[in-house]
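Novice: Please model the entire structure based on the sequences and the hints provided.
Chains as they are written, first to last, in this note's numbering: chain Z, 1 to 221; chain Y, 1001 to 1221; chain B, 2001 to 2221.
Hints are not guaranteed to be accurate.
[As the list claims (entries may be wrong)] Here are some of the chain B residues that sit facing chain Z, going by a computed Cβ distance under 8 Å: (1) Ala2015; (2) Ala2019; (3) Ala2034; (4) Gly2036; (5) Val2039; (6) Phe2040; (7) Val2086.
Hint data in this document are derived by calculation from the structure and do not stem from the laboratory. Just so it is clear, CB atoms sit at the ideal spot from N, CA and C, and this is done for glycine as well.
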Amino acid sequence: MPVPPRLRPARLLRAVDLAGTGIFALQGGATAAAAGLDVFGVLVIAFVTAVGGGIVRDVLLGATPPAVFRDVAYPLTAFGGGLVVVAIFRLVQAIPPSVLLPLDAAALALFAVVGAAKAVDHRTELATGGSLRMSWLLAALLGTVSAVGGGVMRDLLLGGVPLILRSDVYAVAALAGAAVTAVGLRTGRSRALVLAAGALVCFVIRMLALWQGWNLPRVAP
Amino acid sequence: MPVPPRLRPARLLRAVDLAGTGIFALQGGATAAAAGLDVFGVLVIAFVTAVGGGIVRDVLLGATPPAVFRDVAYPLTAFGGGLVVVAIFRLVQAIPPSVLLPLDAAALALFAVVGAAKAVDHRTELATGGSLRMSWLLAALLGTVSAVGGGVMRDLLLGGVPLILRSDVYAVAALAGAAVTAVGLRTGRSRALVLAAGALVCFVIRMLALWQGWNLPRVAP
Amino acid sequence: MPVPPRLRPARLLRAVDLAGTGIFALQGGATAAAAGLDVFGVLVIAFVTAVGGGIVRDVLLGATPPAVFRDVAYPLTAFGGGLVVVAIFRLVQAIPPSVLLPLDAAALALFAVVGAAKAVDHRTELATGGSLRMSWLLAALLGTVSAVGGGVMRDLLLGGVPLILRSDVYAVAALAGAAVTAVGLRTGRSRALVLAAGALVCFVIRMLALWQGWNLPRVAP
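Specialist: Structure, rendered in structure tokens:
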């Protein structure tokens, strides 16, 4: 019996990916609004936060135009998140961290896992014939870039040092989840299982870091 | 009777595109000089302001190397604008806003329209055969990136928050012109007419915003 | 008699390229540590400083995924440099400028020359058949971007105006070396000779500038 269309893995993955896009757009838009930006600035920052990481990933893979520019659902979701901030900023601002932070960790986990999977799947056609696959280490790095790249752009555009360079275990959680995904897929395990395990690793590390106040040590004394 | 070469649309478009490049180079170079940069820094900022947006557009389209790296007239024009600033900074600084701002608005309009047209024309070859065209919304976004991307890079390199995120209706004017262009071309209207209409829409909105002191409202109270 | 594998030019070039990568990683990591970043931040900045310029060059050439994502030795070297900083920051910080600055100038020279050579070698396949080669001026610009791009990203991420826009003759030395390389290769001289001459020009200009305290004049009085 065929799987009905709406339950096929690609559709499910896209739906979850869009959910992550919406969460990051809300979060980026709220940061921009709090920084005093106008309506247009809030929409731009929401968009960049939500899709910037994926754009960098696709440009680095050579998969251009990036997925965001091929499927209009992504920009609509990103701008939709920004418009929600514009319309009901007070309500968005009132969402307690106990709701926001797990949502953000979930979006981070998802983007890390999806990004790593895209990098593992990518094959570069060589001029000599044949194709080249990326090492799992580099696929894990690209997954991390997918997950944190939008936030880095948000912070640069708002004039600050990117939070991930200063704050608690965030990109490290993404890297761990992306690495589990890349290694798992390369060793031929079940795709659904690997993606779920990678996302869980990222989410759990991030939530533990928040709960326990983990911080990496500074290098200079 | 054939159109003489110098009047052909592509040549005309390139000439106007180069004029926009020169204006943005002058404007970027003057900003850099006023910020205390040395000769080299002024040339770099002039170059980045003039061609940065087009480079990002072409990288996102996958049209690499970007047009700027294929036609040496673009970098020569951009560096030429920077050298004019170096040579006669006082004269450039003395140009009154009543001349500079309409010139800048004209360059903005041109870049938005040309960028949107390039995005509309672009076809992505698919591995499955056939090709994909970009939705008009995404083509309009890429046109806007072409128009404002160089200025964003200028502001980031000079250490500030990009002006377009804080100031009056600027990127919105570019977006309006790019959207008119993308929709017009997709619905099959006369190319010359569509480009002229798109540029006019952008230019008029920008000049009205300057004249009337339009500003978008802030989101946070 | 065949040249033994370890002495072949491509292997030699890669070895020297990796040496430059390591130097820039050490230098970037030490800057990040001194700025108070944590272990992860130091690794990120070391990585970006070491490979950022090459990534931008390859993206602009359309040679994606960039070389850094094809050969795992590059990221390992870059992260290795960062780990050295983490492990023995005090020792790294104690290296006197009389050692560090010539090493940095050597890495700059190497990256400028390798980057320009890659740009000169690159051919863009045209849809009409045939291929396009890049003008020597644009190849020289791409070589300069290779050499200084990582440092620009380091400074932007650490929240400052890029040093090359403010300080003494640095990018100009890279541009001179890259231009010598591009012109030399285009006029068909011996490859080894051209690369050596380009690197020497860059290194000597940079060291003379440091020794004599050369600075370019500011444009604004």
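Novice: All hints, please: hold or fail.
Specialist: Verification of the supplied hints:
Below 8 Å, beta-carbon pairs count as interface contacts, and Ala2015(B) has none with chain Z, the closest being about 20 Å; its hint is therefore violated. Because the closest C-beta pair between Ala2019(B) and chain Z is about 21 Å apart, greater than 8 Å, the hint is violated. A cut of 8 Å between beta carbons decides the hint on Ala2034(B): the least distance to chain Z is about 6 Å, and the hint holds. Proximity of Gly2036(B) to chain Z holds as hinted, the smallest CB-CB distance being about 6 Å (cut-off 8 Å).
Taking 8 Å as the C-beta contact cut-off toward chain Z, the hint placing Val2039(B) at the interface holds, the least distance being around 5 Å. Restraint check, Phe2040(B) versus chain Z: the minimum CB separation of about 5 Å is within 8 Å; hint holds. A distance limit of 8 Å between C-beta atoms decides the matter here; for Val2086(B) the minimum to chain Z is near 5 Å, and the interface restraint holds.
Checked against the numbered hints given earlier, the structure breaks hints 1, 2 and satisfies all the rest.
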